[in-house]
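Residue 2 is where the sequence shown starts when you use our numbering, and the numbers rise one by one after that.
Hints are computed from structural coordinates only; laboratory data are not their basis.
Treat each hint with caution, since some may be false.
To be verified - Estimated spans, in silico, between C-beta atoms of each pair:
1. Asp14 to Asp72: 36 to 42 Å
2. Thr23 to Ala82: 38 to 44 Å
3. Arg108 to Gly43: 19 to 25 Å
Using N, Cα and C, we set each Cβ at its ideal position, and we do this for glycine too.
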Amino acid sequence: MTAVAEIALFTDDVEVAAEFYTRVLGAAPVAEWPGGAIFATGDSKLLVHERSAAMEGDPPNEDHFAYSVADLDDACDDLRAHGVPFLVEPREYPWGRSAYLRDPDGRLVELAENAG
2 MTAVAEIALF
12 TDDVEVAAEF
22 YTRVLGAAPV
32 AEWPGGAIFA
42 TGDSKLLVHE
52 RSAAMEGDPP
62 NEDHFAYSVA
72 DLDDACDDLR
82 AHGVPFLVEP
92 REYPWGRSAY
102 LRDPDGRLVE
112 LAENAG
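Hey, can you work out the whole structure from these sequences and the hints?
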């Protein structure tokens with residue numbers, strides 16, 4: 002794992018969340034679309050999505066963070082060697098290759114190849 006590439010949060014009101022993260026916390030807007038926005042936060046990104054989009058999906062659409070990895074298959078093999086099961090095995094998405102797992106407390110973790 003090279004770095005935390007992004008944190009994805011789901012909210013009831015994207016506009017209110019966007020104002021908070023830009024005006025209060027100083028995050029720089031990167032992109033917007035109906036129901037979502039991306040902000041730069043140093044070397045990482047913050048993704049904010051409408052909560053209604055969080056109900057279903059593959060990958061699971063819920064709050065999570067993503068680690069950037071240079072080689073997704075190698076990273077997954079290393080985690081499997083430690084007994085880590087995957088919710089979603091490595092596959093292609095519109096944003097690149099990712100895999101999903103849960104940490105011991107049930108939080109969703111994404112591994113994203115060369116994210117950033």
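These are the hints, each one checked on the structure:
1. Asp14 to Asp72: 36 to 42 Å: holds, 38 Å
2. Thr23 to Ala82: 38 to 44 Å: holds, 42 Å
3. Arg108 to Gly43: 19 to 25 Å: holds, 21 Å
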